[in-house]
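*Asks:* If you want the building blocks of each chain, they are given just below.
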Amino acid sequence: MPSITFLYWIPLLPLVMAGLLAFFKPNAKRVASFLTVATLLACFFFSVKAYLIDIEIEKTLTHNFAWMHVGGKSIEFGVALNSLTSSMLLMVCFVGSLIFIYAGSYMQDDERKTRFFCYLNLFAAGMLGIIVSNSLLMLFMCWEIVGLASYLLIGFWYHKPSAAAAAQKAFITTRIGDMGFLIGILLAFKYSGTLLFYTDGGTGLLQSGILSANTNYFCGLSLSATVALLLFIGAIGKSGQLPLHVWLPDAMEGPTPVSALIHAATMVAAGVFLVARTFVLFEGSPCLLNGIAWLGSATMLFAAVTALGQYDIKRILAYSTVSQLGFMMVGLGTGGVAFGMFHLLTHAFFKALLFLGAGSLIHGCHHEQDIRKMGGLLRTMPLTGYAYLAGMLSLCAFPFTAGYFSKDMILLGAWEHNKAIFAVVAFSSFLTALYMTRQCLYVFFGNYRGHHHPHESPFQMILPILILAVFAIGGGFFAENIHLFTFLNPVGKHAEHNQTVVFVSWGVALGGMLIGYLFYHPIRLRSGKDPLACLPFGIYKLMENRFYIDEIYAFTVGNIWKAAGIVCYLFEELLIVIKVITEALVNKLARLCANFGDNTLIVNYGFDNTCEMIKRRAHLVTAIQTGQVAAYLRITTLGALLFVLTFWILLKIKI
Amino acid sequence: MLPLEYILILSAVLFFIGLAGVLIRRHVIIMLICIEMMLNAANINFIAFWRYNPNPELHLGPLFTLFSIAVGGAEAAVGLGLVIAVYRFYNTANADKFDMLKDS
Amino acid sequence: MIITFCILSVFIIIGAVSTIRLHNIVYAVFSLMLLFSAIAGIFLLLMAEFVAVAQILIYLGAVGVLILFAVMLTHSVTGSSGKNIYSNGWGWGLLLSLSILFATLLPAIYFSDFPSDPAVEIIEPSVKKLGMEMMHSCVPAMWLIAILLTAALIGGIVIAAPPQKR
Amino acid sequence: MISLLTFIPLIAAGWLLFIPKGYERMARWLALGATLIPLLICLNLIKHFDFSAGGLQFVEKHSWIPNIGAEYFVGVDGFNILMVLLISILAPLTILASWNIQERQRTWFALLHVEIFGLYGAFTALNFVHWFIYWELVLVPIFFLIKLFGNEDKNRAALSFFIFTVLGSAFMLVAFLLLRVKTGTFDFMILNGLATSGKLPAILGDWYPVVFFCILLGLWVKVPLFPLHVWQAPAYTQAPSAVTMLLTGVLSKMGVYGFLRLVLPVFPEALNTYAYPLLAVALLTLLIGAFAALQQKDIKTLFAYTSLNHVAYCLFGFFAVGLSASGIAIPARELVIQGCILQMFAHGLGAAGLFYMAGILEERSGSRRIADFGGLGTTLPHFTAIFCILIFSSLGLPFLAGFSAEFLIFSGVFAVAPVFAGIATLGLLATAYFLLSLIRKLFTGAEKSPLPILSDMSQREWLIAIPLILMAFWIGCIPSQWLEFSRQTVQQTLTLFP
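Protein chains in written order, with the numbering used here: chain A, 1 to 655; chain B, 1001 to 1104; chain C, 2001 to 2166; chain D, 3001 to 3498.
Pulled out of the complex, with its shape left as it was, chain A reads as follows (with noise of 0.2 Å):
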């Protein structure tokens, strides 16, 4: 049993180095970016030794230690290796190298370079930890350190308030998903008493049945199945799949390498490896599954119905990856964990690809990001043209290519399990080719609308494009034939081949793309108009703006918490006004005793008065004073008789 503490070296390196280099200059040369490819060089050294361990012992490896002592509890954090997290670390070292090389160079003439890769290293740290933790806390607190990261890296051109505002809403919208994560741990660590996945001892949350025990806890759900939905919730919210996928397209205002590597590699698949992870809890209600596969087919339906009406090259690419989570997670709902994670790690291939030729193009074009204003690229930018089409032909899971083998596989599933997600998944891709067609178009052919001249992007930038190119075309042959598909679920059922399904993949891919091009021919375009526009009763100005999502939420959500906020505001100057009344009552209160109480009752009336008095009286004590002895002798016996008089009756009433 060889052991994996040098697991834990993986998220730790980045994170050592990101604290390195948060004390550099902001703008020290190339040595920051080169730092940091160094360290995920190293990483992805470690992954590939992961990898030839896991391959070699079949079980799971895990190595914990107790992080907290709570009264006689002890929470323990751990690493664990198994299929998973070995496939995943591959490929985030991997793309993330790439990324990395690419956006040494991309923000070459950045003046915070050094705070960008910084950065970048912190978002590496996270996101390894969450695929190494053996912990659901830790994995959640690697969580909360990705979407941080996020935050940091969308809003990295702060000066911009729409960059920041961008960066907020990531980070509020995964935050509000995270809530639901948060409680599904909380859920857990309840009834289970303990937060690991895989324990030597077996008492792990994904080994031994404690929270699949009690059936009906939550509704008809059992407690694993509630606990399952609760982390779908957080999933739902970091891989912005429907209600909380706003923030997904508006986080395009960061940089491209920051939308490639975090936007569409590995960040939001972050979602998809949470429900992998924990798929035991899933597996136990059908119904739970089932709910699954159909947020995902939603959301890859509205998604790529409003990824054809943007403009923007990025936005456009954003909603693809909307859509491809979303079909993600019919994979996971209808297939299982291979058929969710293989597409993942296609996907990101081909979507990283497509990100970084589009930053390229970009980059080409002086940041000019809307497809409109381009054109007629492919002769002025062949390599990054070249290799954006292999990407896109991946997308549309063009035959043979990688796209094609994971999406084959998620149909096949969908088949399988439901025929109405299966329409709804193919409609989709048919839609995905068509879009993708779309921009190429927009971008590739035709004359260059813009006034710009673009030019080729410098060799650095290309070289990460051309490798991904090789790996988004021959990804799927690479995969067949190290039986990635077995590997990544030895256990879980195989889908048999099955004619139709083929069929209808080729078709709607060859149909999307060939109607893409019918409807985009370059000459159409040169109308500016774009051909979709005649479609009926608007259809096509509520795909462009987003189904007014952004505005719905604004209106209910945002009123609804700032009339909260209002709520407690007016509540606070009740209050507020309330204990200035007191005071003022207080005061007054002092002052009237200060007045009536000293001025005039007691020092009018109490001690001016009472002197006068005295003084009125006080002639009749001084009439005694008369200086006769005889007057004085007679006083004094009469002192004396009173004393003894009062003596006496004092003596009587015995006190």
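A portion of the hints provided could be inaccurate.
[Stated by the list, open to error] Taking lysine-lysine and the DSSO-like style, the derived pairs with C-alpha atoms no more than 30 Å apart in a straight line are:
(1) D/LYS3441 with D/LYS3297
(2) D/LYS3154 with A/LYS579
(3) D/LYS3182 with A/LYS579
(4) A/LYS160 with D/LYS3297
(5) D/LYS3147 with A/LYS579
(6) D/LYS3061 with D/LYS3047
(7) D/LYS3147 with A/LYS588
(8) D/LYS3297 with D/LYS3147
(9) D/LYS3061 with D/LYS3182
(10) D/LYS3154 with D/LYS3441
(11) A/LYS615 with B/LYS1097
(12) D/LYS3297 with A/LYS562
(13) A/LYS579 with A/LYS373
(14) A/LYS73 with D/LYS3147
(15) A/LYS541 with A/LYS562
Hint data in this document are derived by calculation from the structure and do not stem from the laboratory.
Got chain A sorted already, so can you dock chains B, C and D onto it with the hints?
*Replies:* Frame of chain A; chains B, C and D shown alone:
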């Protein structure tokens, strides 16, 4: 035989007369005399109580009376000295005229 | 016993009242002397011989004579000094003294019970015991009395002496 | 050792007052020295603190006024060792924070030292009379500090601060006198003994709820919980930033510590019966603190509401201790109480840091309104970095102080009252929202023209910020060291609960 109350009543009456004398009479010397009478009334009481005491052999009564007599004597001497000095100042022995004590 | 006591008490009362009532000062002093002798009798009655003798010696002898001298020195020998010998406001004085008698002294006697006759029948006169007592337990008292007397007498002389022109 | 620790600031305060006019500089250094010595003593205390012994340590007990049962009884255990450490850390920072005040330095430093003396006493006293004296003493210097050195509306703030707290503690005094009459002792430990043996409710009879609520009222005002928190915002805003550091860092913790020391060991039955209403109040405070902050225009008031919100977390956890924790796999009660203690410590440091930062901004630009600032990210890079770290710490971001305490509290409360915990997560969201929008308004976007050129962090300010940041990371990453302090004591105290 002679009950103690009688003696006490006698001394009380003597005391009363002395006190009345002091309060009534105007003449200073008479006042002094009456004070002496009051003093003697007290002495009677001392001896009376000593006599009726269960263990008189302590002789406390007579002892105390002797001392009291001595003090009475001294007091009379001083009193009369004062009377003479005051008399020289006021040229009359009438106590009502002595009103130097009353501040103006 | 009772009879002698009554006689003596009558003498006392008469002596006392006459010292107050008499207009003539000298006669008042003489009645005072009568009073003192009666009191000495009472002492004898109560078997306190030494005290009776001391009473006669000091009060009758010394104090009586001393007062006479004082009277002579104050030029009032010629008889009463005018018709009204009572100080103004004497009514209040009388009333007060009466109230003292009846409100305090008599009720005190009345309410507390006293032995009707002496516990010890005969007390043999023992001046020796008295002397021993005086010399042993009451030595400090003796000292004080000595000092008191000398101081008082000298004081009396100093006050009475006419002021020398220094 | 503890009385030495307590009385050094008092001696220093006395000495400071007699420093001649010309020696202001020497006064400052003396003040600093007088806070560093207790820090060393406190560290020595911690070195010798025996983790396995749950009971009192370093006890000093002398009879003071025997006939009314008042003793000078001082001791340290799991509940207050962290608090003493918190004071000894914050004290030098407060002195450093008020390094360059111009007028009346001597009175300022003297008052601060009297305040620190009161705080040390309040946290270590174990006999009611002796503790109550410190409890009241602590108010006086703060009142004068706000009144003499406060901002524009200082008089009303100082007055309302004083009236509310004294009102509360008056009730507490009555309650304890009643307790004294009934049980014949002022000593917390004996009262605890009575409570463990279950005799207390019998002794007090129908006075039991009355005594409980009077004490509760006294602590209620101090912590501040919902209806009586109105004094807090103006007091925190009008007080000079160094004073607010102490106010938010330690004074609000006195209320919570009061709950831990007075209510937990002595009134377990009352906690059981009134658990839900109290939990509701803590939740309400939590939400009010979070949502009212959304509308605030002034940085310090916003932080005041954040601190209200975070202290409410402590109590939200504390009140959950009363609920029955049957049929769940985790020790909910220990979780909650230890979470409460850790949150007190963590928030003390974090809030003090935040207020100091707000103080820096106010010192440099003269204004506290959020609208006046913008685009500070470019002009004050270091300041932004530290400010953001502290904000994220109070936001409850993992690997920072806020998260570990909040996780403990939430896991404990969720185990016994899931619905309450669910609603409380709304509070978490609201905190995240308004803190992030504060960052967005202050640091991003275009530079606001009217502001003078702001200079970045000076050497001294770094000296203050560094320890706070290090502690935030330390508590966040390795919380078990800090929980170790209170583990034994909490377990022993919680044996009371059925």
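*Asks:* Any hints this thing doesn't respect? Which numbers, in order?
*Replies:* 3, 13 and 14
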